[in-house]
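Participant: Below, each chain spelled out in residue letters.
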Amino acid sequence: MDLLADVALLPGEERVTDKELIYICPFNGALKGKVFITNYRLFFKSTEAEALTLDVPLGVISRVEKMGGASSRGENSYGLDITCKDMRSLRFALKQEGHSRRDIFEILSKYAFPLSHSQPLFSYLSQEKYEENGWSIYKPLEEFRRQGLPNERWRITFINKNYELCDTYPTILAVPYRASEEDLRRVAAFRSRGRIPVLSWIQRDNQAAIARCSQPLVGMSGKRNKDDERYLELLRETNGTPKLTIFDARPSVNAVANKATGGGYEGDEYQNAELIFLDIHNIHVMRESLKKLRDIVYPTVEESHWLSSLESTHWLEHIKLVLAGAIRVADKVSGGKSVVLHCSDGWDRTAQLSSLAMLMLDSHYRTLRGFEVLIEKEWLSFGHKFASRIGHGDKNHADQDRSPIFVQFIDCVWQMTKQFPTAFEFNERLLATVLEHLYSCRFGTFLFNCESMRELNEVRSKTVSLWSYVHSSSTRYLNPFYTPESGRVLYPVASMRHLELWVSYYIRWNPRIRQQQQSPVEQRYKELLVLRDEYLRKLEELSPSPPSAHMTSPAPPGPAPTTQQFTHLHTPF
Amino acid sequence: MFTVRPLKPTFKSYLPPLQTDVKKSLHPPVKKLEATLLPGEIVVNEVNFVRKCIGAEKSHDDLWGKLICTNFKVSFVTHEALAQPRFQVSNRLLGEHDIPLACVDQVVTVNDAKGKKKVLGSNQKLKFNPSELILYCKDFRIVRFSFDEAGPEGAKKVCLAIAHYSRPADPQLLFGFELIGTRYLGSSEDGLNGARPAGGSQTPLFACSSDWDREIKRTGAAEWRVCSVNQGYGVSPSLPEFFVVPASLADQDLRQYAEAFSGQRLPVWCWNHPNGSALTRMAAITDPLQQKRLDQRICNAIIKSHPQRGDVHKADLDKNLPSLQQVNNSLVRLRHICVIDPFEETEEKWLSSVENSQWLDYVRTFLKHSCDVVYILEGLNASVILQEEEGRDLSCVVSSLVQIMVDPHFRSLSGFQSLVQKEWVMAGHRFLDRCNHLKKSDKEESPLFLLFLDCVWQLMNQYPSAFEFTETYLALLSDSMWVPVFSTFLFNGPKHHADTMHDFLEDKKITLGEGEELCLPPVWDWSQQLSVTDQALFNNPIYVGKAAPYAHNGAVKSFRRTKHKTWSSTLRGAPPSQTGWSSTLRGTPPALARNGLQGSQGTLPRRNSLAAQLKSDLFPVRDVPESPSERFARDWFSGPADPQGLLLPQLLPSHLALWRLYFLRWVPEAVIPRGGPVTAVHAVSQLAHEIETLQSQLRRYKGPTPGSTPRASPAGGPPGTPHAEPSRMFFKAGSLYEPSPPPEFLSSSFPFTPVGNLCRPNLRGTPISKLLNGAKTWLSTETLAGETA
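If you read the protein sequences in the order shown, they are chains U and R.
Sequential numbering of the first sequence, starting at 80, is according to the numbering used here.
Sequential numbering of the second sequence, starting at 17, is according to the numbering used here.
Keep in mind that the hints were calculated from the coordinates and are not lab data.
We treat Cβ as the ideally placed atom computed from N, Cα and C, and that holds for glycine.
Possibly wrong hints are sitting among the right ones.
In the BS3-like style, the derived pairs of lysine-lysine whose C-alpha atoms are separated by at most 27 Å in a straight line are [claimed, not checked]:
no., chain 1, residue 1, chain 2, residue 2
1, U, K371, R, K365
2, U, K370, U, K464
3, R, K365, U, K370
4, R, K511, R, K455
5, U, K98, U, K113
6, R, K365, U, K497
Pulled a few chain U residues facing chain R out of the computed Cβ check, cut under 8 Å [claimed, not checked]:
no., residue
7, E579
8, V582
9, R591
Chain U on its own, in the form it takes in the complex (with noise of 0.2 Å):
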């Protein structure tokens, strides 16, 4: 039996080895197959009548370990265990003579983790050709004339084109009209690691604005910059609000906190200004509460006392908070109040909440291409770090720097799309994608941390960008129910009562749950809609002059014996 029959290589895809194994699965118990390792993926197929396949791209495996030893007792006591990023974890069993899982365990190590092996992530051999050059979905000073900018109180500027100003940004912002270079650099010196204040976004008719950057740096000892405090200044009056908000993301103790290192936050010296807490914890604590969301879903749902499990996770009360902050920043700006956002660094939590503010307050980023500006702009652009949140390609699992702050971005979108069906062109799938090749290590969108580095590396020229994978079958990611709104600002409930755990992500590798390619709902919209064109193309068949218009035009011109029909349709409007 050929295995490499069963799976299609992708082009620059090439086979390493293959293994005869056991494959313990959690429902299923022991099952004997055959495992085929690629610099891709791993690849398993079981030879026993229960016919299951394993299909796991090395870059969503988190941590290889050896179980048992070649003495250990026990049937199935040999072999290794797999834990991945994406939730789930696998475990195979080897005959126990012959050291036989060392080739297979070094072999999984060095490609599943090739950058702490000094080889080069899958994405760089891939040869991949796509029809649409996804690298070209944003470009930032087409997005920043989209908002309407340049205008007489924002520009545009180069200074960071080297990334000299701060080298975790991108290299064109959009800064106050009335601040100069030197004004950029002498407030570079007192943001955390130079993330100045830039404009995000800016409402149109009323020129209220979402500004990001990093904390101040005030310290133990209370500094003053002046500098920071007429800049900051400077961005209120760019739309002459009386008051400039200043959200801060994180509880106001670890604010405090971070008086200790340096940081801190605006203190009263900040004249027309508020600050306001929005009581989001940092990566740490997201990271243990996804794990705690991980042991009750995986490999069994927790059955007696499911929903205060949930509870105890905080995962949904993580998520409530996050969207509660958006909306407390979309409804400012939609107010016409400019905002300013930050957390410690302004990578991470700010991310979250100018993204999500963003996508409630301008309909383009609910398209799909909006969407993936979207994230190029806000997550990539901005220096969301990537590449030590998820760990691409290294081997060392317990670093603390990793953390799902992304996937749970991605499931705040999720949880406005159940609640806004209609609002989004986009469905759940395209986050679940996004979600997959956020660890495949397939594409180059999500490597490294921030836009030098992904100069650096040659991102753009030697790898695929995802985008250039979706849009290859972009009907696949749209939801049929989308009906375009231009100008609404979409306020979900950030309640317990409605947000709900994304069972078709989190549990997605419990085989007793069935694995629907669409939503039935979806699909019958669909059937319905090929359905209405049948008919309407039977419509123009019998009709005794064939009215060309007939798909085009809002209101078909009916021939003689249909009149009355249509205008019993019609006349209403």
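Knowing the structure of chain U, use the given hints to seat chain R on it.
Facilitator: Just chain R now, kept in the frame of chain U:
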């Protein structure tokens, strides 16, 4: 029609106005404040200058008007319009602010100044003048009236009247009787039918033998017969006059057996699986000496009626399902956290509070049990007896759920209604006691029917295209329990129904003419309550019915076809009869409790066992073997679900949800404006309406211009529907090809609204009053100052 207060131009109904609308009678003439009365309805007491509280904290939205207690409802009439637009589906029997007395659960009077509070019962005294009246309703509403400007004596009288009249001493005092009585005493010209033949709908009521005959034929239950041994209720006081029994049992046997059963409730047939297995239900056998013999004979008779002589399994429902009291307590707890406790305070512990209410546990238990029964019928090809002490409570839920899961007929609107008629009303479910309409005994009260509707909702939530009706329908059906006009929910069984009617006629000295029958309308006669336009809210736009047209190859799915497909091919492993299951199980209760898993999983999980203990082991490989019924379910889940085939619910607790529309519809903080699942329904509904229109156009082509239509029949389209029919869709397509965005009035509560329907008492507890605790006197003096000014 909707009460379209400040009219939103986004929503229009394009149907011609209906002549049958009784709307005119619902709107009072502009000048005087008077209650709109139904025939037979009389005003008991009323008080003017009452303020109905609308918002929770602020009073500027409140409405001034008159509070009236009639023998049917608590009515509030006002000239003022609500400040906020609200869209609440309106009931033809009730005005915008009316609450039927039967819906009032608790009457609470408050005197703010004295800090007094009293829950009023019937015939009670009230020692203080109430400043406020709070009505806690059975449908979860909380309505508040303030008497700060009303005459204190008048206010008191109305409160006492409401308390008194919401607790009628006798079923005949329920308003439905007034209504039909009036019809006969000749004062009514209104269409509220007394003697109209029962059921303006086509729903079979199963009160006659022909309905049973048809059901036997429909399900192919050849070896079963309708027996009329109980005509005149001579054998059992709680079974219907006609029921179905194994053909091999003679009337004589039945009469003889009946004595041994609790309530003389013999085993009766519910339904036949296409494979010949039967679903039956019976009460406990009270005579222990006869137990074994009777069990044997009944089993034999049922086996004989099985075409393949399939085995019989007995499911002891009392042992495996929660008690009526447990279910009732559970709803009380759930109601507390949903509507009574302050919103913000319950947020943090919301999930565990829902868990503590155990409502979802019970929903899951009933679904699980029903699935197990389905497995026996479908997977083991064996018949099932549902046994319960009295056989008229838990078995109603289980038998209906089983039939809904297996037989798509019961997922159609008329099928579902006939199911409720068959398994609840005719099977003698004590609606009167369970609803506690007479407020006689709280111990007998139990929301089993609501629990059943919730179970149906779970199925609907998991298989949205499998049901012809919507969750709005389920909610409206549940609300109808509290409109005491329908025969469906007013009696403890068919005999009780007949007896009450008989007594009523005697008491009122009404003599009926030849062939005439005086009867209350069943709830299925929806035009009693809703306009035809609003009845379109029932129709699920994505329902894939039997005749649902598909564009591709016009595949019309049918029940029988699916059966073969789903079962025989997916059921793997040893044939059921060799698993050692059926034989060991025979006659032992219940079929389902015996696999080891059940114990550890616990259908009714014990508290305190702190399962929140997180698993440390990465691989807790299941050490409990999968039970055959689980295996059966797993096999079924591995294939695609056919909306017209068998449906099994996903029973993982993570896949059961709170029925938000029902439980949270009145909660203002939980409303998602222009959002919620209904916005997707809105989109599909528009498309479905467009398709309807196109279909009717195509049909017209077929008619007047036959020459031009060689292949005019739409692909797979149902040819049957007459085209004069009004649209089945509530939301109409705005313009072709472009769905319109969700209109302003849509919200996650649609078609209900919290505005004026949920006014939590802010006496204590709400965060703001907590904050102002010290300033309470200050608050009231300010209010006083406002009043004197």
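Participant: Which numbered hints are broken by the structure, listed smallest first?
Facilitator: The structure conflicts with no hint, since it agrees with every one listed earlier.
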